[in-house]
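K.L.:
Spelled out, the chains give:
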Amino acid sequence: MMLASRLRQILVVFALANLAIVAHLVRLQVVDRGVWVAKGEEQRSRRILREPIRGPIRFADGSVAAETENRYDLQLRPTRLRTVWPIGALAVVVRGLERGEGFWWTVPADSTARAAAIAEEASRLAAVLRYVAGRPELALRALLERPVDAVIDRATCPLDPSFGDAFAAVFGRRTYGRLVVGAREGAATVGEALALERERLSAILDRLDDERRSFRAVVRALGVPATDLVERLARNVLAAENNARARLVREGIDHRIPSFDGVSRETRRRYREIIADYRMRERVAFRGVPFEAVVEVDRATGRGRLAGFELTRYLSRLYPNDLIPQLIGNAGTVTERDAPDPTADALEGRVINAARVGRLQAELLDRSPFGEAERTEVRALEDAILEKAHLADRNVGQAGLEFAYDRRLRGVRGSERLVHLPGAERSYSVHRVEPVDGEPLDLTIDSRLQRYGAMLLARDRASRVGDEQWAGRAGGALVALEPHTGRILALVTDPTYTRDDLRTRLDELRADPAQPFRNRALECNLPGSVFKPFTALWGLECGVLDPAKALSCWARNRRGALPRCSAHSVPTDVALTPALGDSCNAYFSIVGASAAAKTGHESMRALFRRFELDRPPLATNTGRAHCGVLGDWEKSLGRYVFRRRNIAQVSIGQGPVAVSPLHVASLYAIIANRGFHRPAYLTEASPRFSREPTRVVASEHVEPLIPGLISTMTTGTADKPMVRKLRDALGGAFEIAGKTGSATYAGRRRPKHSWFAGFAPVADPTIVVVVFLQNRGLGGGDGAAQVAAAFLSKYFALQGLVPSALVASDG
Amino acid sequence: MVESTAHPYRGFIVTLCVALCIVGFVFFLSASYDPSSGRHSPPASSQLRWIGLGIAAAIGIQFIDYRKLGRFAWAFYAGLIVLLVATALFAPTIQGARRWLRFGPIALQASELMKVALVLVLARTLQHVEQGYSWRGLAVPVGVVLLPVAFVIRQPDLGMCLLYTPIIGVMLWASGVHRRVLLTLVLLVAVLAPVGYVWGLKDYQRDRIRTFVAWDEAGEGKADLYQPLNARIAVANGGLIGMGLFRGHQNTGGYLPAKHNDYIFAIIAEETGLAGAVVLLGLYFLLVALLFAGAIEHRDPFGRLILVGIGGLIGTQVLVNTAVASGALPTTGLTLPLISHGGSSMLTTCVLFGLAINVLSRRPITVARPRF
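Residue numbers (this note's numbering), protein chains in the order written: chain A, 1 to 811; chain B, 1 to 372.
Keep in mind that the hints were calculated from the coordinates and are not lab data. Be aware that one or more of the hints could be misleading.
[As the list claims (entries may be wrong)] Not everything, but these chain B residues come out facing chain A in the computed CB check (under 10 Å):
hint	residue
1	His128
2	Lys202
3	Ala277
4	Phe292
Cβ atoms here follow ideal geometry from the backbone N, Cα and C, with glycine treated the same way.
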């Protein structure tokens with residue numbers, strides 16, 4: 001009775017335990033089933049991201065600045081070849097038997113002869129691969145003649161499973177068992193042990209032959225000699241082997257361990273990780289495979305053949321008209337290398353870094369006279385970058401316009417979830433979201449004018465002979481815009497570079513004293529005499545300047561601390577028009593000093609601000625931390641007492657004033673528009689585009705300047721050969737107005753900058769052009785005006801107003 | 001005592017065993033099928049071979065009286081201890097464990113056969129137990145179990161250790177040991193368990209347990225949770241009536257390692273659902289109940305204890321295996337009796353049931369009342 005009761009108790013315990021299991025099953029299969037089934041589906045499915053096509057960037061004339069294209073890479077993965085590709089597998093088997101070793105641990109890692117050993121081993125391996133790829137049937141028959149014991153020994157080596165896998169790939173999974181049985185029954189060779197019947201042997205040979213044909217088709221499509229391909233493959237394999245071994249040695253892991261007995265779990269895990277990591281590096285990649293070759297390769301490797309070949313499609317950003325990389329910027333992949341902190345979460349690190357890199361590169365916007373709206377846009381973009389983790393992909397705008405308009409250009413990524421049901425031949429799409437391609441960005445820049453301007457500046461720089469000290473550091477800029485609209489037609493900086501240069505001679509570019517990465521069109525410099533119209537406008541606004549009234553020029557004589565006049569050799573009386581035409585320093589010094597005496601220098605700063613010429617922070621190369629006019633100069637010096645002398649200097653574009661070529665172009669656009677200010681813009685996507693024109697100065701104050709600016713071109717400082725040629729070509733159809741300038745700084749020790757700013761036609765201006773030649777050593781008329789005239793010739797030739805014969809080739 | 005005719009439960013037990021073998025073979029075919037190659041891996045013939053060998057062993061054992069077998073119990077036990085020593089010294093390391101001794105093409109797991117030896121030796125030791133078994137007398141059965149446990153834990157094979165320990169508990173309880181004694185032993189095990197956890201287990205075993213106990217979604221990518229996670233997914237896929245034979249996603253997709261042996265219950269649950277899993281658990285419970293019922297009616301204490309030991313062992317093994325295969329316990333290497341693929345396991349289980357049939361076939365009739 002006692003036994004019965006005790007056994008019943010045990011049965012009750014079993015029953016309760018069984019009920020607990022059943023309860024667990026009910027929870028999994030009924031209550032929480034959805035959760036676990038979803039996990040299973042997620043495990044069986046994979047999410048494919050569908051990249052949108054990044055929007056193109058186009059010049060105004062329709063030519064493309066940046067576009068995105070499909071590109072194809074072909075990769076050869078030896079790891080897959082070894083086990084799946086019968087020819088590759090056969091090569092492993094043959095070589096393994098010849099050397100008594102597998103692919104691994106064949107060359108000493110630390111010896112000085114390592115490189116030579118790798119080369120030697122690579123050539124041997126290549127020879128074996130070539131042999132096998134060329135004559136698989138002979139290799140197979142040779143293998144069948146091998147002693148069965150040797151093959152069994154190799155196949156059981158725990159360190160290198162590739163031999164066993166390869167053997168199985170050639171002969172089938174159960175072959176090793178047959179080998180063992182055959183050996184026990186007294187078979188001497190592999191052929192005897194396997195006792196392959198005729199049909200099976202023939203099937204293996206057919207398969208090898210098929211693989212060989214496919215391999216040759218791939219090689220033919222790629223246009224690479226088969227020997228090269230095999231040797232690259234062999235070299236990569238051996239380099240990876242040796243690097244892996246060196247890594248193991250460095251980490252204190254015995255790379256020759258015969259088995260994993262007594263080896264800690266952590267060490268085993270690390271060992272496998274290192275080997276897997278380096279095996280991934282064995283791959284041979286062919287980048288940018290032409291589409292025709294892709295079709296051929298796909299045909300040859302389809303239906304599971306040549307499994308080691310993998311085609312990958314990706315989107316590549318191309319810049320066919322690489323005219324102004326400093327402005328266009330670039331889009332690319334945010335990589336591990338960009339991550340600021342390797343310990344931070346990788347994705348977050350990349351995103352933060354994208355913002356960081358972008359912010360630095362976007363100095364373009366900060367440096368430019370663009371408004372606060374753009375800067376706000378950039379900051380908002382950076383915030384968006386930080387929020388959106390999906391930035392860690394290809395084609396992220398990283399600099400310049402690519403960065404500034406990244407949101408518009410990038411589009412919206414799509415996705416697709418593919419579920420592979422067991423046994424099914426292909427995966428099924430269960431959730432598909434189509435990508436939305438990026439919008440195009442149309443620039444106002446005309447590539448023909450841009451290219452021509454770049455040619456003119458480069459030619460001018462090349463013409464500087466006998467000036468070795470400064471020629472190497474010289475640069476220039478050319479800005480052209482439509483005054484009515486604010487459209488920037490050309491924004492040229494010189495010297496420049498191309499994206500090919502970045503790949504081929506980056507170090508050389510970095511060391512270049514001319515600093516080609518700078519965008520001189522947006523950098524501030526002393527303006528010299530091109531600033532004088534601003535002084536005139538100031539004087540007219542303050543009521544201290546009467547255009548008809550002549551003032552006394554003191555020529556080259558000293559007049560206290562006021563600057564000398566280089567335009568007049570003897571003291572003379574000049575009115576506004578001849579003062580502008582001859583660029584009289586004395587006249588504008590008097591105007592500035594009078595205006596300051598009447599209204600204080602704050603009125604000058606107010607006008608400067610109204611013209612939007614004060615956009616800090618503006619980088620300069622004048623040696624000053626701040627620029628703009630007056631205010632920052634006072635601030636930076638602290639105890640500086642503003643005096644008449646400094647006002648006089650500013651009035652002629654010297655001293656504490658610095659503006660960029662784009663600033664100067666904006667100033668002359670206001671004059672051309674007879675007092676209306678229309679902000680300059682590069683694209684209609686810019687918020688500046690939608691700003692209404694505003695009157696910043698009365699037209700009656702602008703009109704008196706026009707005759708003076710015309711006289712500069714006809715009889716004044718710009719009356720030089722090229723200008724005359726253009727004037728003759730125009731045949732009096734309309735007039736050109738302009739002003740030359742030469743800026744001296746650093747105590748006249750350096751060659752002066754050469755400036756020209758002008759617009760045409762005077763009656764209804766369609767173009768403002770500003771040319772700046774840094775350290776040119778010539779006056780504005782001899783240097784910058786010549787370049788500007790040539791540029792205007794091109795512009796008018798495109799309009800059909802002057803014969804194209806006047807225009808030099810920009811090739 | 002005079003031998004009588006066969007016990008009436010014998011037929012039921014044989015029928016159940018054959019049914020389980022057939023079920024096992026069908027699901028082995030499902031679990032071992034590789035859709036990509038169209039073949040079974042391992043091949044179906046290997047399972048049939050071991051079933052055949054097991055049945056032959058079970059039939060063969062019927063020709064020897066279990067009492068005569070009992071006389072060789074200690075020798076059998078000693079021989080297996082020697083094999084365990086040899087395993088510790090000479091067995092190759094396979095998947096991080098040294099459990100199998102190779103004799104030519106045959107790999108033998110001595111710890112599996114030790115289950116038979118333990119049942120026989122414990123039954124022989126405990127058959128003369130009076131109520132209120134002395135502490136001194138306990139030393140022998142406890143020692144009999146601890147000795148193989150010491151070897152098996154070094155292999156390492158935690159699952160087998162978990163199986164050995166309850167055998168002695170069940171058999172002691174059935175033999176009439178005083179409640180206080182058993183309670184003390186249970187307390188002793190409870191006290192020693194943390195010590196064993198710290199000093200007896202290897203790092204990866206402790207990691208596995210810790211990861212399992214602290215299961216959260218973020219940790220589901222860890223290798224230690226891979227098998228339990230996929231087992232749970234497989235079981236959940238089954239729902240109430242299952243996905244159908246050869247149609248389980250986790251099965252045919254190859255997401256579940258060891259699906260044809262340790263995790264075959266997950267495949268059964270996936271393909272036959274809750275209904276199939278509950279029926280299978282019910283069959284095992286019925287089998288254990290029949291063995292216990294046979295023990296109650298049996299008059300020979302040695303035979304009784306053999307039946308109790310086999311019932312306890314099979315019941316415990318089924319519970320641990322199904323708990324592991326449904327993701328309720330961390331991974332251990334235990335098979336599902338008569339269903340999982342595995343030579344030593346199949347052979348041992350068949351031998352155990354052959355022994356049970358042997359005992360039930362030789363029912364002694366006594367004129368005196370039983371002592372308990």
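K.L.:
Each hint: holds or not?
P.N.:
Evaluation of the provided hints:
Nearest Cβ of chain A to the Cβ of histidine 128 of chain B: about 15 Å, over the 10 Å cut. The hint is violated. Checking lysine 202 of chain B against chain A: minimum C-beta separation of about 8 Å stays under 10 Å; hint holds. For the restraint placing alanine 277 of chain B at the interface with chain A, the shortest Cβ-Cβ distance is roughly 5 Å, inside the 10 Å limit, so the hint holds. With 10 Å as the threshold, the beta carbon of phenylalanine 292 of chain B comes within range of chain A, its nearest partner Cβ sitting at about 4 Å, so the hint holds.
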